[in-house]
Amino acid sequence: MKKNNWMLLLARQKKGDGGILSPKMVLLIPDLLFTVVVIVITYFFVLSIILTKTSVSDVESTILASYAHNSKEGFSLLDAKLDRVYPGVVDPARFTTVNLESLFAKENPAIVGRFVKNQTIIDHLRQQEAKLPGEPVRCIATEAGGPVNCAYTNQKKFERWAPYARVGGKGEGSVKPYAEVRYVDTAGGKGAVVETVFLAAS
Amino acid sequence: MKREKMLFKRGKNGQFGLEKIFSYIIYGLAVMVFIVLVNLPGCILDKGQLKAVIESDATLKAEVKAEAQLNSYLRAQMPDKALLFERLDWLKNKKKEGYVFAGQFDEGKVKRVKEFTDGNPEAYVGKDYSGFISSLQAIYAVSNNDGKNRIKEAFELVTAAMFFRSARDKTQKIGHVLYALPIAVDFDPKDLKPSRTDYSLCTLEKDFKEFEVCSDNRPYELFYAKFWQAVQAVPLHDGGFAKVELRYYPEPLSWLPKP
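Residue numbers (this note's numbering), protein chains in the order written: chain A, 1 to 202; chain B, 1 to 259.
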């Protein structure tokens, strides 16, 4: 008489002689846990020895800001006859996005920046007593439609990245701002404050 | 029977050969750890040294900013008398109205500074800040104690009126805290080394006589903050040089402009 296969299977399971739920499979669970523990320990072991933080965007933003201030093609006052640049003295006529984009196109850095030239705070407050300064972006054109007081190294990219930087995300794909404030003189004798923000994608 | 044996044939290495696979994984991990230990360069080195080499260091950028800022200050054109007096009056009036900002701008002091600048236009008219310092030294050298005090006050207030910067602070009436970076001048320096860092610049000026004039308008948030020093020499009329020291305090993140 032929026995059904399933009856045979059951009989073999009772014997412990193989089948789907072999005891060895159950014993593999601690093996798997051990493997995971070993992997985790190795991970923390390697982390504890090596600390590599290779983000140099902070230093890069400082250097690029100085590049714009000190370069002959930047926005500092240039004496064409002597071929001499006066860092620390800004020429408003050269403080333009066109000029900066042309300058930074040669270097083509991965980070992008915006320079905003404003009056000194005392002059600003004196002249605008009723208004409180401090809006996040103060890029304004003169009444005559003349030069604005903002200059970008790459305007399209900056405006695309700025919302992500304002959100302040972390991790891969986030954009971090690196800012500085510097007092400068202007051709014409009045002081100004240049606020610089560079954006770097991580 | 033969068919049943074929159906339920067990693998030689356990079910699906998983035992062998896990053995290989653990062996691989052991080999990897060994390779890491052998190949890590200087794995016993000081972590701080390793970090400084690989990670960008805050010192470099702060030093660059301090030097750049002092350069800008020394090249700044002095304001004319009208603008200077307008700024001084504005600061005095705001102080009267109860606005809080760093520095002393009481009426008496502002009046004395105005008298000094009115009586010594050659000190600042048509000059930059380094020329102003040089001119002050020439007057300081021939002044009595009272005159020297006037020069100290003039330096302090004129520097503040020129270089005041702001930080957003909604708790303040004007929405900003106004402050200026500390700057001091030694008219007769022995060297161009930065000053000791355990005292403020104006304490060094008063108590230790290291500087002749000083301007320090820091807000309380920066009193104990870390700073970097920038030093430059300014030529004087008598052929010597003055030492100008600026202490650059990196702004807190909340004070910096947003994108």
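Quick caveat, the hints were computed from the structure, so don't treat them as lab data.
Just so you know, not all the hints are guaranteed correct.
Straight line, CA to CA, 30 angstroms or less: simulated DSBU-like cross-link-like pairs of lysine-lysine [claimed, not checked]:
#  : chain 1 : residue 1 : chain 2 : residue 2
1  : A       : K106      : B       : K65
2  : A       : K156      : B       : K226
3  : B       : K114      : A       : K157
4  : A       : K190      : B       : K127
5  : B       : K148      : A       : K106
6  : A       : K24       : B       : K127
7  : B       : K92       : A       : K190
8  : B       : K20       : B       : K94
9  : A       : K190      : B       : K190
10 : B       : K20       : A       : K190
11 : A       : K190      : B       : K258
12 : B       : K258      : A       : K72
Chain A residues, not near chain B, derived (Cβ > 10 angstroms throughout) [unchecked claim]:
#  : residue
13 : S71
14 : A179
15 : D185
Computed footprint of chain B on chain A, listed as stretches where at least three residues anywhere in the stretch have a Cβ under 8 angstroms from a Cβ of chain B [as the list claims (entries may be wrong)]:
#  : stretch
16 : 24–34
17 : 37–48
18 : 102–112
19 : 117–126
20 : 158–172
Bear in mind that the values here come from a model prediction, so they are computed numbers and not experimental data.
C-beta: ideal position from N, C-alpha, C; glycine also.
inquiry  = So if I understand the rule, the pair passes when the alpha-carbon distance is 30 angstroms or less; does K20(B) with K190(A) pass?
reply    = Distance of about 79 angstroms is beyond 30 angstroms: violated.
message = Under 8 angstroms between beta-carbons, do enough residues of the stretch 37–48 of chain A, three at least, approach chain B for the coverage claim to hold?
response = holds (count 5)
key: Straight-line alpha-carbon gap K258(B) to K72(A), limit 30 angstroms   = 28 angstroms, holds
task = Assess, step by step, whether the Cα of K190(A) is no farther than 30 angstroms from the Cα of K258(B), and give holds or violated.
result = 25 angstroms, holds
inquiry  = Hinted pair, alpha-carbon criterion (30 angstroms max): K190(A), K190(B). Please report holds or violated.
reply    = Violated, because 34 angstroms separates the two Cα atoms, which is more than 30 angstroms.
ask   = Residue count check for the stretch 158–172 of chain A against chain B: does it reach three with CB-CB under 8 angstroms?
value = holds (count 5)
ask   = Taking a Cβ-Cβ distance under 8 angstroms as contact, does the stretch 102–112 of chain A have three or more residues in contact with chain B?
value = It is violated, with 0 qualifying residues against the three required.
message = Just to be careful, I want the Cα atoms of K190(A) and K127(B) compared with a cutoff of 30 angstroms; is the pair within it?
response = 13 angstroms, holds
request  = With a cut-off of 30 angstroms on the C-alpha distance, tell me whether K156(A) and K226(B) pass.
outcome  = 37 angstroms, violated
request  = Decide if the proposed pair is consistent with the structure: K24(A) and K127(B), CA atoms, cutoff 30 angstroms inclusive.
outcome  = Outside the cut-off at roughly 91 angstroms; violated.
message = So D185(A) supposedly isn't at the interface. Is its beta-carbon more than 10 angstroms from every beta-carbon in chain B?
response = 4 angstroms, violated
key: Agreement of K92(B) and K190(A) with the hint, judged by alpha carbon distance not exceeding 30 angstroms   = Holds: K92(B) and K190(A) sit about 21 angstroms apart, inside 30 angstroms.
Going through the hint list in order, the structure does not satisfy hints 2, 3, 5, 6, 8, 9, 10, 14, 15, 18.
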